[in-house]
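Asks: Under our numbering, the sequence shown is numbered contiguously, ending at residue 529.
In case anyone wonders, no lab produced these hints; they're calculated from the structure.
Incorrect hints may appear among the rest.
[To be verified] Here are the simulated distance ranges between beta carbons:
| id | residue 1 | residue 2 | range |
| --- | --- | --- | --- |
| 1 | G520 | M487 | 12 to 22 Å |
| 2 | D500 | F525 | 14 to 24 Å |
| 3 | G499 | G470 | 31 to 41 Å |
| 4 | P486 | G458 | 12 to 22 Å |
Built from N, CA and C at the ideal position, the CB exists for glycine as well.
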Amino acid sequence: MTPEQIKLMIESGIEGSEAHVEGDGSHFFAHVISDLFDGVPMIKQHKMVYATLGDSMEEAIHAFSIQTYTVEAWGKAKKFKVLS
């Protein structure tokens, strides 16, 4: 699995989202931006992202880290460089 494949799965599964994914083929990190996250608890935001990956989480992805943002929070994080 490639970062590009994961990006496509997330963006296809969460309407209007933007995903930035990095990884080495089995370990991945994603920043996922969507206004659908507004007012939603973080654990539910992460479940939304995991749901887009389906069986890949068990079959092709060994480790997956996520940071989720609304569009506004993403803008602030970029401005203040609070990104990991």
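Asks: Taking the hints in turn, state whether each one holds.
Replies: Taking the hints in turn, this is what the structure says about them:
1. Range check, G520 to M487: about 18 Å between beta-carbon atoms, so the 12 to 22 Å window is met.
2. Taking the beta carbon of each, D500 and F525 are about 37 Å apart, not inside 14 to 24 Å as hinted.
3. Between G499 and G470 the beta carbon distance is about 18 Å. The supplied range of 31 to 41 Å is therefore violated.
4. As the Cβ distance of P486 to G458 is approximately 19 Å, the hint placing it in 12 to 22 Å holds.
Checked against the numbered hints given earlier, this structure breaks hints 2 and 3; the rest are met.
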